[in-house]
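Novice: These are the residues of each chain, in order.
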Amino acid sequence: MADKNEILAGLAEIVNEETGLEVEEVQSEKSFTEDLDIDSISMMTIVVNAEEKFDVKIPDEEVKNLATVGDAVDFIANAQG
Amino acid sequence: MTRRLVITGLGATTPIGGDVKTLWTNALAGTPGAKTLEHDWVEKYQLPVTFAAEVSIEPSEVLARPELRRMDRSTQLGMVAARQAWDDAGLSRPGDEGYDLDPERVAVSFATGIGGVWTLIDSWDTLRERGPRRVMPMTVPMLMPNGAAGAISLDLGAQGGARTAVSACASGVEALDVALEMLRKGDADVVLAGGTEAAIHPLPMAAFSSLQALSKRNDDPAAASRPYDRDRDGFVMGEGAGALVVETEEHAKARGATIYAELAGSAITSDAHHITAPDPKALGASRALRRALESAGAQLSEVTHINAHATSTPVGDKPEYAALKSVFGDHLENVCISATKSQTGHLLGAAGAVESVLTVKALHERRAPVTINLDHQDPEMPLDVVTGSPRELGDQQQVALCNSFGFGGHNAVAAFRTY
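Chains as they are written, first to last, in the numbering used here: chain G, 411 to 491; chain E, 4 to 422.
Simulated from the structure, these hints should not be mistaken for laboratory data. Positions of the beta carbon are idealized from the N, C-alpha and C atoms, including for glycine. Watch out, some of these pointers could steer you wrong.
[Stated by the list, open to error] If you want a taste of the chain G side facing chain E, the calculated C-beta under 8 Å gives, among others:
| # | residue |
| --- | --- |
| 1 | 428 |
| 2 | 429 |
| 3 | 430 |
| 4 | 451 |
| 5 | 455 |
| 6 | 458 |
Isolated chain G, as found in the complex:
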């Protein structure tokens, strides 16, 4: 079980691995598409890697609701809870 700061840090690593963006760029209020320029293909890869890292399920229909990094952190925290 990870707290939200740990989830954010883990997610930032996944985003960095997929896109090359610096981990410091990956902040809660950032939008995946608008701010981080992450396309749907990279988003799916990030989601699948996050599922494995945090041992949660993120259904495909839920992915479109994860607009910001914070949305994803909250979803993962709730799913773990």
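Chain E: place on chain G using the hints.
Specialist: Frame of chain G, contents of chain E only:
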């Protein structure tokens, strides 16, 4: 009136050099690219052939990590060569300062023999071992044979068409034929042409071994690729990519480009004889040679140099000799032959592209590169093969050819002229 076409940029990543300068220096010196493979899969799968010619510079040393993750190795190598050629030509990309190309007049013709074989098989393993959720969403665009052409068109902002010739080991030269056709038709002003291959993977290694096509000289990889030698026993698997910027003379001159040579003509024929074996009478290869010369408006007497297909298989080298003899007759004595696969190994779908780069360099520098491992030339193929040191080609206007033949009965010949 036929538009004159010229070569203004060259790029390559090969077993004997990660760029054209290194490739050319090594090709003149005579440098074997084949080595014993150090991958655990050689032992694991008990491969009968334990060596190959891998690229001397890994694409991971050149490309950024996020790019690498979205490209099959074959596209990675193609991208490295394409960018080199584009930069060498002094061309820019949309968004660059001073970008002055019409993107709709820029096209790509990028070939491969096999395409994304690593991606295809790795993702099958992923599916079986970890389930469908773990299969990467980029799997299809990474494995498709047009993956390199598409990725390169994106990188260069080329909107004039992105085509992929797929004709096994003839693919690289066929890419030039496609480029020539696009330019002569007037559909584009500039074409980035080339070919790539990254098939040093256990499956193709095992499959080519089953065909008895590969050299088994495991104890001496450097001596394994020996075209025209009486002791040749098969080709050596290689990987890499080559790229050439082909543009209309008018377009090249207008922007003050350096011109290496003219792409004077090309031709494609098919044997309709056997799916893998070459026609012993070499009728298809002969027709390809004649038609390429005709396409170039070249006389036999103009031809001074040929970069031969010459893969070092017992059955393959002879029909190419038969074709050359039937087309050139007595003039063949005046034509020097370089079999550069003796150094690079056989780059399959990239072979014709890398060898075209070498042919253009030979004309531009007026020296033909060497053939190594020719210890006892097969008396049935009395060709003037360049060995030992490079051959000076002289100052006159002259034509050089690059031959590529492939499984499926594909024959492709490109003709270049000094400029």
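Novice: Hints first: check each against the structure and report whether it holds.
Specialist: To see whether the hints hold, each was checked on the structure:
no.: 1; hint: 428; in the structure: 7 Å, holds
no.: 2; hint: 429; in the structure: 5 Å, holds
no.: 3; hint: 430; in the structure: 4 Å, holds
no.: 4; hint: 451; in the structure: 5 Å, holds
no.: 5; hint: 455; in the structure: 6 Å, holds
no.: 6; hint: 458; in the structure: 6 Å, holds
Checked against the numbered hints given earlier, the structure satisfies every one of them.
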